[in-house]
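K.L.:
Letter by letter, the chains look like this.
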Amino acid sequence: MADSIFLLGLCLIPALSSVITALAPVRGIGKISTVLSGVLFVWALSHWGGADRYFSFPWFEALGLRYSLHLDSYSYLLILLSSLLGLLCSFYASWAVKDKAKAYHSLFHALQASIIACLLAEDLLFFYVFFEAMLIPMFFLIGIWGGKNRLYATMKFFLYTFAGSLFMLIGLLSLYVIYYQQTGEWTASFPVLRDYFSQFPIAFSTEKWIFLSFVLAFAIKVPLFPFHTWLPDAHTEAPTAGSVILAGILLKIGTYGLMRFALPLFPESAMAFATPLCVLSVLGIVVGAIVAWRQVDMKRLIAYSSVSHLGFVTLGIFSMTEIGWNGAYLQMLSHGITTGALFFLVGFIYDQRHSREIEAYGGLAHKAPIFVVFFVVSSLSSVGLPGLNGFVGEFLILLGSFQSVLVDPFWVVVATTGVILSAIYTLHLIQKICYGEVKREAVGVVDFGRREWLLYSPLVLLMFSIGLYPSWVMDSIYETTSLIFSMMPEAVR
Amino acid sequence: MIETDLLAEFWRDSQVAFPVWSWALSAVIILSLQIVGVRRGVSVGAVGLCLLGMIVYAIWSFDPALNESLYFGSVNWDPLAQSLNGLALVISLGVYLMSLPGLFSDSKLFRLNYHQYPEFLTCLLLSGFGIAVAVSAVDLTSFFLGFEALSIGTYAMCGFFRSQIRSTEAALKYLFVGAFATVVFLWGIAMLYGATGSTGYADIAATIAVGPEPLVLLACIFITAGLAFKFALIPFHFYAPEVYDGAPTPVTAFMATAMKVAVVGAGIRLFWGVLGDLSHLWLPMWLALCVLSILVANVWALQQRSLKKLFAFSSISHAGYIGLALLVADPSGSEWPLFPVLSYITIYSLMSLGLFALVTWMENRDEVFLIEDLRAYARKNLGRSLLLAVFIAGMAGFPPFAGFVIKLMVFQALIAQGYVGVALLAVVGSIIGAIYYLRLLVSIFMSSEESGAASGWSGMLDRLYSIRLVVGLTVLVTCIGGLFPNVFADRIFGVLGRSSVNTEISRDSSE
Amino acid sequence: MTIGIAHLLFLSFGIFAIGLCGFLTRRNALSILLSLELMLNSVNIALVSFSKLHGNEGGHIIYFLVITVAACETAVGLAIILNLFRLKKNIRVDEATELRV
Amino acid sequence: MTNDIDSIFAVLSGVAVLLPLLGAGLWFWLCPRLGEKLTGYAASSFLGISFLCTLILFFKVDSFVQLEFARWISVGPSNLASFSVLLDPLSLALGLVVTGVGALIHIYSVGYMHGDPGFGRFFSYLNLFVVAMLILIWSDNLLGIFLGWEGVGLCSYLLISFWNKDLANAQAGKKAFIVNRIGDFGFLIAMFCLYRAFGTLNIPELLVLVREGGLADWQLEYSLWACLGLVLGAAGKSAQIPLFVWLPDAMAGPTPVSALIHAATMVTAGVYLVCRLQGLFLLHPQVLELVAYMGGATAFFAATIAIFQFDIKKVLAYSTISQLGLMFLAVGLNAPVAAYFHLITHAFFKALLFLGAGSVIHGMHHEQDMRKMGGLRKKMPLSFWTMTIGVLAIAGIPPLSGFVSKDEILLMTKLADRPWLYGLGLATALMTAFYMGRLWFMTFFGRTRSDHEVHESPANMTAVLVVLASLSAVAGVINWPRAWGGSEWLSSYFGDLVYQGSVDSQVSWGSLLMKVGIAVAGLGLAWWKYRAFVGGDDFRSSSFRLFKGKYFIDEIYDFLFVRNLRRAGELCWRVVDQGMIDGSLHLLGRLANSVALRFKRLQTGVLQAYVLWVWIGIIVLLFGAWSLGS
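Protein chains in written order, with this note's numbering: chain A, 3 to 495; chain B, 49 to 559; chain C, 8 to 108; chain D, 275 to 904.
It should be emphasised that the hints constitute simulated quantities derived from the structure, not laboratory data. The beta-carbon is built from N, C-alpha and C at its ideal position, and this holds for glycine as well. Be aware that a few hints might be false.
To give a feel for the contact side, a few chain B residues facing chain C, derived at Cβ under 7 Å [as the list claims (entries may be wrong)]:
1. R210
2. R214
3. V231
4. A238
5. G245
6. W384
Some residues of chain C that are not near chain B, with every Cβ distance over 12 Å (derived) [to be verified]:
7. I12
8. H14
9. I87
Below, a list of computed lysine-lysine pairs in the DSS-like style, where the Cα atoms sit at most 27 Å apart [to be verified]:
10. B:K428 x A:K102
11. C:K95 x B:K156
12. D:K449 x A:K369
13. B:K156 x C:K96
14. C:K95 x D:K874
15. A:K441 x A:K210
Just chain A, same shape as in the assembly:
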């Protein structure tokens, strides 16, 4: 199928389905939305293994800004994951969300549309526009269907990311202007800028600030350690499908941005700042894990575990080694699957008993054994048990960053303690919920029905398939990583 039709289809299907669900009758809204997500998933799937695709049309001719879409394996795998999680979320929401269902589904598809557009974007400003546009549907999703103090959480989420990315806008524009001043031509397309600035690098003092503005925006999105305080609130208060997409995809846009834009554009300053950023990631791993252990709310525990897991990803990225990068990208995908499954599972019991307190549950192994099997498998995958998807990414990241010249092996050892800490808080969660006497809330929990099997089995199958035979994903990741690394300066390779 021609590139343009495919790429435009990829962007327009969710946008149109957002409009359709807004206008469709309330009665069958769940089914319609699931079918539309299914169409998007199949549409994305049809490109499996295909070559890169390009397409661009003018956005703002006078300033050389174009809607330029570029699909390579980095963006493709994330789009596939996003459409899969989107399909599962629509399916889940079709029975879980009752009030204002139409608005819910419509906002959900709008969120999908902006995510996919953001991932396809190759023009820096086009990427920035949808990097921001994603926040608005998420803002409403958390705000309207969220938990108790959702207003605080959603305000904090939006302002935090909005502030960070505005500074990136300034960095972006100064890059765009410097290019114009040196070549007299307006363009913000990433390959042009990268090729140009690899030959004529900017003076380190200015490049440093531009790089830092990029890193600030993506660090808040990832979230990197000091900027992570919005994540637990946003995850705890978001509705189930919202927190699945938030954890599964939105966090990955931050790391995707780092790998796609920030590091390739400014390799020198990336090398200069690699060590402090690695130290921050390691802090994120350790602090995220020990704080997760102290949480009383299930979703907040999983949120802090995401901070810890994404600490691994950023460690892999900033170690600037090929193995580290491959591991980081694979960890992004597997974290999306694992944490998505965990949030669905927590949502499963939350929708029945409306309580997220860990103390409120106990002895579920006797009331809902199948749920416990799925819960234990997902938790073990998040702990990083070999044979499941969590381990492969984590191992490659640690192995890669151990080889890296930029980060001191001591920090990688500290990061590896994260392996122990993740076991501590995950087993703590499993034990408190699944084992022991059947306590208060656990009495009323009903086990898996047919639709839950349909919802969770694809995720668990993915966990095992990536865990035991990761190369069906790793090969395409490796291609793009080696391509990006080949364009990096000699010092990095």
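Please arrange chains B, C and D on chain A, whose structure you already have, making use of the hints.
P.N.:
Okay, now just chains B, C and D, sitting in the frame of chain A:
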């Protein structure tokens, strides 16, 4: 005995500058209709027709190459003047459509005050005439005349709801503080005249180029202060919140947008045309004022309880952005310096026009429109709250909407001219701005308490669909402007921006 | 000694200062209007004196305009003050604080 | 010709590993349909088949076979790890033990777990465990070993907290998994260091590179760290000094689990790892020294605690730790064959002792406290006689296997002239004999103190006991020392695969008599103290409080690590997250609002104030411009 050639020249100039004095002509027509004692509806319809006719003529007669100085050098009819005059026309039509449903409203206030509705429209047209003159003035006298016509027209319009103390008080405040500002302007003009000995911009610029006098410094200060007052930048903004809150909402819309159009036109000609060489004097002052107003206005708006006061402060911060855009409209700066300022003023005017039209539609004129009245407004009237959400997102500058594109232009121009620090401060300002906009969205869509008073109001009975027309068009502009800015940006501003506006401004390109 | 431009400017600044003080201290709306007129006339003096300095009639033209504008403003001002009086039975400016929500 | 032999080996090893894996997937949902008996025996038969395959492999493979089944983790060209098998004497010997003892324990469990609701689930976990153990010992690269390593850790977690209705069991399972995880942390660090030093994780390649020598000093430094990491990993898995705390709590699981996992197979993984990578360890003799001292200290230390335990399984647990200490002692002194020999014999008699204890507990309706037992000699004759052989074997009475293998280790320690370690070894042997005798007398002699009606275990349990008893009696012949006319078959079977320290063939009757005397003395002491035991506390004086409290190791760890980590977590959450980061943001918000309020007060509504502000603005501009202009 008047030489016939003078008369002939006057007649020829009038044909070219028809759009300028057509405002006054239509005002005269309306007044004469009133004198004849025609029914109120007919004269109101006539105003609509005149406005439409003027817009059609402006669009038809738009000629980027046209650049003539008319009326013996007092006015210069060039693309800048034509486009801003067109914008003023659109704004006046918007205000007219917004105030139209007042005729059919059954509330005592409207029935009592709408007897003088045609006179109100005459003031509107005369203010428009003031804008047209101010925008195209290249002589101190016509500049002063334009601004005064605009101000006095607006004082009268503010006080339209005679039976309501809030509207009268707003008019009173606006008149006295405005009058003082006029005195400041006059001092500026007097000193400029005193220093250079002539009133034409071209001559003044020439004398300044030869050797600037100390008196010109004082002139710069007073003129900057005067323009800053009309823009309502921070130290001079005190009248704005109360006057915007008290005045009838259509008039608030007119003040928030049309005043800025006039100031942009006059500012470009004055700052870059006349005082271009002295930019080291007035530029730092203007920069400080703009940055101050972006930051302080947004902080000031955090604690406002009245909705219209909130939008007043937001328009002050937007004035700061327009000021920054004006700042970078330096002819020697980029190849089309006017692009950011004109794109900003147009999109901003249309957006706030739509926003205030929506407010007129929702508000209940008898009591102050507080923010908590909007609590859980989306529960009952989802449509209007969605429209409000679009406008709020536009005004706050969230990306997919047009508000972001115009801010992008300003930031890009700022950084291109090296003002990176200023751009950072502007960014901090828009972050603070996002806080109170988000609070508004949160209280409309997400609050779980019982809904505020606003959901109870029936709002303006929009029988002629006039308000819905204005709101619909402006929402379209906000959305399309964001996703596909190419649609209008390239054609209108590219042309204007690229063609050198050959008033004194673009001297450099000719030298 | 002949009356030079400096003397005239001092005169206009003096009148302007008086007008400004009147404007700021008086409570009655009408007296504020009066002081406003005073300030406008002070500018007129400056204009005319500059016109005398430069020998051309630019200042006079602006002077005429200023007079007409001052008249218009006063007319509108009086109308508003009248309306204020009708509503509040007094025209004390410092009590007109209805809009201070 | 070679490739069809390889294909046979591939089929055999494939069946040996994948059949139990298939079983693991089947039993837990097949059990309700097939009934307990059928499921249990089917599971045992699966294990039997995989034992047969290992047996055939054992005989067929002459030196070593390396087969690759599928790629696992590879980053582009560099293939880090693949599912591949390395069959050589080391792995096949242990493979036989694992599958053999595993099959026996499966049969035993059919009887033991009779009537338990989670019957199918139990056998799935057991099968899964054997699969993981086989992957661990047969994999040819470190990542494969790590997969098996964590797999067995997972199965031990699942099986310890098998009866998870009672929270204590779940707590024990969690503790086991986390302590093992600390060991795995060491293993991971070792792998990173090795990859950085040698660029590969494949063991044969690694050993070739090490043997070639000519290593740069940074390679040496990284391989030193790798060895230390491996020692930490081994200590974690085989419950040595720093990380032994989980094994006694692991007794919360069903007894067959304790027998299989925590006696015979999993805990020996540490010894296997060090033997497998002995080439690497030889680079750093000081690390081997550390291993030896660790082993010796653990052996002595665990023995002292075992004496004071009343729970029969706890005694056996500490005895296992002690015997493992001896094995590490042997490995540390370059006597891997002695360690392996003791590993094999220990697997037999320790499994026997555990299963015997299991049948006693089964008979006593899940009563584990020895003080409530006694006089079971007459009521459970078969269990009594098989347990007697076990006790005599572990105590070190001559003809039995325990004596032969332990004597070999002590001989090696003497030859390696380590006086302190030799002393520790002898003391451990004495204490072992004493506490095993204590167990023996407390359980089977004296008055029956329990009020339950006691009955002998069913046939399928006692049959296994008999087989194991005969095995642990005869096993000594595997490596019968040449000095006593034996063929030392095991060391010849290993050949040059492992480096053997100094071996001396002539016998010294003096040390032989001394060791037998120690064993007899230990048993005699126990007989003297416990022949008329009537229950209650046997060591009353307060001086033994330290030993009874198990040196308060758990409390120390809890105080040092667990509580501090919890406090650190609380600190990071409250102070850093909510205090500093969120606090500063809220401060910013409050600041903005207070400034806004102050601004709001400026709007007095009085007209003149506004005009004054306009004038002030102009004056400020004037000064600004004037200062700028000048």
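K.L.:
Each hint should be assessed against the structure and marked as holding or not.
P.N.:
Do the hints match the structure? See the list:
Contact between R210 of chain B and chain C, as hinted, is supported at the beta carbon level, the nearest pair being about 5 Å apart and thus within 7 Å. Taken as an interface hint, R214 of chain B checks out: its beta carbon lies about 6 Å from the nearest beta carbon of chain C, inside 7 Å. Interface hint status for V231 of chain B: upheld, as the beta-carbon distance to the closest one in chain C is roughly 5 Å, under 7 Å. With a least beta-carbon distance of about 5 Å to chain C, the hint placing A238 of chain B at the interface is held under the 7 Å criterion.
The restraint placing G245 of chain B at the interface with chain C holds, with a minimum CB-CB distance near 4 Å, inside the 7 Å limit. The restraint placing W384 of chain B at the interface with chain C is violated, with a minimum CB-CB distance near 34 Å, outside the 7 Å limit. At roughly 8 Å, the least C-beta separation between I12 of chain C and chain B is not larger than 12 Å, which violates its mark as non-interface. With a cut of 12 Å on Cβ distances, H14 of chain C stays outside the contact zone with chain B, its closest approach being about 14 Å.
Distance to chain B contradicts I87 of chain C as a non-interface residue, since its nearest Cβ pair spans about 5 Å, not more than 12 Å. The suggested pairing of K428 of chain B with K102 of chain A holds, with an alpha-carbon distance near 13 Å, which does not exceed 27 Å. Taking the CA atoms of K95 of chain C and K156 of chain B, the gap is near 19 Å; set against the 27 Å cutoff, the hint holds. Between K449 of chain D and K369 of chain A, the direct Cα distance comes to roughly 24 Å. Compliance with the 27 Å bound is thereby established for this hinted pair.
This hinted pair checks out: K156 of chain B and K96 of chain C have alpha carbons roughly 22 Å apart, not beyond 27 Å. The straight-line distance between the Cα atoms of K95 of chain C and K874 of chain D is roughly 26 Å, inside the 27 Å bound, and the hint therefore holds. With a C-alpha separation of about 56 Å, the suggested pair K441 of chain A and K210 of chain A falls outside the 27 Å cut-off, and the hint is violated.
The earlier numbered hints that this structure contradicts are 6, 7, 9, 15.
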